[in-house]
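Colleague: Residues per chain are reported as follows:
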Amino acid sequence: MSSSHFNARTFLGGIIISTVILTSCIGYKRLVGSAGSEATKVTVLDPRGQPSGIFGRRGTPDSHMMAIFNPETHPTISRDELVSLRMAPRLDSLDKKTIYLVNTGFAGAKEFLEELQVWFSKNMPSVKTVLRTKGGTMFSDSPDLWAELKNKADGVVFGVGG
Amino acid sequence: MEGEYGVPTAPIVTARFAEYVIRDGHSHGMNLRWTFPPYPVAWVSRETLRQYVQGNDPVTGVKLMAEIINALTKPITEAEKNPEITQKPRRARLLEPDSEANLNRLFLRNGWTDGLPIVLPTEERVAEMLTGTDHDPQEVVGKMSITTHEEMKDYTVEKVAINAVMAGARPEHLPVILAIASTQHAAMPSSTGSYGSMVVANGPVAKTIGMNSGVGAMGPFNYANSVIGRAWTLMSINFGDARAGDTFMATIGNGLSFTNQCCAENEGKSPWKPFHVRKGFKASESTVSIFRGWNVVTLGIGTTDGLLQRMKTFDSMGTYTFVVDPLAAKALKAEGWSDPDKLSKGLAEKSKSPFLKPEGINFIVVGGETNPIVHTTDYVYYKTASVDRWIPKGGIKLDKKPLRMPAYHECEDGLCFTGQKQ
Numbered sequence: 001m002s003s004s005h006f007n008a009r010t011f012l013g014g015i016i017i018s019t020v021i022l023t024s025c026i027g028y029k030r031l032v033g034s035a036g037s038e039a040t041k042v043t044v045l046d047p048r049g050q051p052s053g054i055f056g057r058r059g060t061p062d063s064h065m066m067a068i069f070n071p072e073t074h075p076t077i078s079r080d081e082l083v084s085l086r087m088a089p090r091l092d093s094l095d096k097k098t099i100y101l102v103n104t105g106f107a108g109a110k111e112f113l114e115e116l117q118v119w120f121s122k123n124m125p126s127v128k129t130v131l132r133t134k135g136g137t138m139f140s141d142s143p144d145l146w147a148e149l150k151n152k153a154d155g156v157v158f159g160v161g162g
Numbered sequence: 163m164e165g166e167y168g169v170p171t172a173p174i175v176t177a178r179f180a181e182y183v184i185r186d187g188h189s190h191g192m193n194l195r196w197t198f199p200p201y202p203v204a205w206v207s208r209e210t211l212r213q214y215v216q217g218n219d220p221v222t223g224v225k226l227m228a229e230i231i232n233a234l235t236k237p238i239t240e241a242e243k244n245p246e247i248t249q250k251p252r253r254a255r256l257l258e259p260d261s262e263a264n265l266n267r268l269f270l271r272n273g274w275t276d277g278l279p280i281v282l283p284t285e286e287r288v289a290e291m292l293t294g295t296d297h298d299p300q301e302v303v304g305k306m307s308i309t310t311h312e313e314m315k316d317y318t319v320e321k322v323a324i325n326a327v328m329a330g331a332r333p334e335h336l337p338v339i340l341a342i343a344s345t346q347h348a349a350m351p352s353s354t355g356s357y358g359s360m361v362v363a364n365g366p367v368a369k370t371i372g373m374n375s376g377v378g379a380m381g382p383f384n385y386a387n388s389v390i391g392r393a394w395t396l397m398s399i400n401f402g403d404a405r406a407g408d409t410f411m412a413t414i415g416n417g418l419s420f421t422n423q424c425c426a427e428n429e430g431k432s433p434w435k436p437f438h439v440r441k442g443f444k445a446s447e448s449t450v451s452i453f454r455g456w457n458v459v460t461l462g463i464g465t466t467d468g469l470l471q472r473m474k475t476f477d478s479m480g481t482y483t484f485v486v487d488p489l490a491a492k493a494l495k496a497e498g499w500s501d502p503d504k505l506s507k508g509l510a511e512k513s514k515s516p517f518l519k520p521e522g523i524n525f526i527v528v529g530g531e532t533n534p535i536v537h538t539t540d541y542v543y544y545k546t547a548s549v550d551r552w553i554p555k556g557g558i559k560l561d562k563k564p565l566r567m568p569a570y571h572e573c574e575d576g577l578c579f580t581g582q583k584q
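These protein sequence lines map, in sequence, to chains S and D. Heads up: the first sequence runs through residues 1 to 162, numbered per my numbering. Heads up: the second sequence runs through residues 163 to 584, numbered per my numbering.
Okay, chain S solo, but in the shape it has when bound (with noise of 0.2 angstroms):
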């Protein structure tokens, strides 16, 4: 074999490998694109609504109550407003009080504040429970028992949500 074969034989090969090399590379570097993006950082913005510091839940006493399930008519009651809730004074004991045991209408609840009224009957025997079970549905009003419940209840046992 002489060195000029041997030399168009190497150069040709060099020709080759080279292209497989470099074809190799650029199919590398397609197959690489996609981890190529991925190093690269994009800038996208947040999805997520802003606090409004506006709770959903009736402004006044004499609001519809199925108000809030309407954004139209929803009174809306601000952060600051809020601050006004303020709970009731305590009782200095249960001892003769009139307790009420509202059943607000999920279900179960009426037997659950049933078995309470055996317990206090059994074990406070001094208390006297009144079991009411409101109107309409869990979202309705019920203006004439809220009205008993100001006039009548020294304290209110409210159940079962959930």
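None of these hints come from the bench; they were simulated from the model. Glycine residues also receive a C-beta, built at the ideal position from the N, C-alpha and C atoms. Hints are supplied without guarantee of correctness; some may be wrong.
Chain D regions said to be covered by chain S (calculated; three or more residues, Cβ under 8 angstroms) [said to hold, decoys possible]:
(1) 211-219
(2) 224-235
(3) 251-261
(4) 306-312
Assemble the complex: chain S is given as a structure, and chain D must be docked to it using the hints.
Modeller: Just chain D now, with coordinates in the frame of chain S:
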């Protein structure tokens, strides 16, 4: 009862909702004295309930009855007298830059999506989306909460555009999505019952952006219907702050919530005035109407007796929305109901239910006349909102080559023959 009537109160909520109500109290600045019996109290034996009453509160470990007595008798503490309201900080407009893969993971992990792949809301994409309206990006569109009592989140035109991008929408869809956002109704309320929602477009916009009102209108066969309905879900998640098991309590959930039965009314085939016209809009105006409920029965016969039969066997809280194929609507018209509002009145009278009011019964005409059926729902109609106010002065911003899925083949009065040889 505490604040307005001055009566000491011991509220009882099952342990399943302890975190929910405690957080609610803190955010309101009202430290109610909760008692948490085990969950559930429904459909358990008397003996079990008795054990609950005699046992401990599983959240606090305190005797349940001692907790109730304390709630009514223990003197008010200083902290209770001067409650503080948790103030949440405002969020930055931009997120920390990162790779697309990491951002997709972040959105998914944070619960900012519906679980399906999203289009990341880059500045470029959001800016392009905002060409779909002339309104100022920082204009506040409304505020929303999926609960009825927690702090509402407010949202701007830009925030709506961000969620529209994520849903895969184009600028042509933005006015409709903004109109939905303007209703301030979340598609998925927090209720333990698993609500479904529906949004129906009326007016010229439906045709302009290629919405489907015919064959498969409520199914996955139309780009506009799908992305608009999906955008409502994403907005409900991100503006309404829906977090499953935390703020969102629907026990089973509802598959309809992915795209909310988004469609257009088939005004062309309906024998009645369009729905939005019956709600006081002009036929030339474009609107979206929002509905929500629990139940959908997908097969029913579109006759007056058939509707009454559905109403009798359907567990509704006094509202019905009938989604009527045009053939069924035509059959009802042939029975003498040329005005669906009169049909609502007639059904309310015939049902003899004291709770059922004519305004609680609504009709929407949707479908491709392949079957004269009716979808019976217990959906409440909430509101119809204008789309036009969000449309740019130059008209809907259509892409040069708008994206469209295959159009369904239109039928005419049940005749669907195309003339194509077999």
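Colleague: Each hint should be assessed against the structure and marked as holding or not.
Modeller: Structure-based check of all given hints:
no.: 1; hint: 211-219; verdict: holds (count 5)
no.: 2; hint: 224-235; verdict: holds (count 5)
no.: 3; hint: 251-261; verdict: holds (count 10)
no.: 4; hint: 306-312; verdict: holds (count 6)
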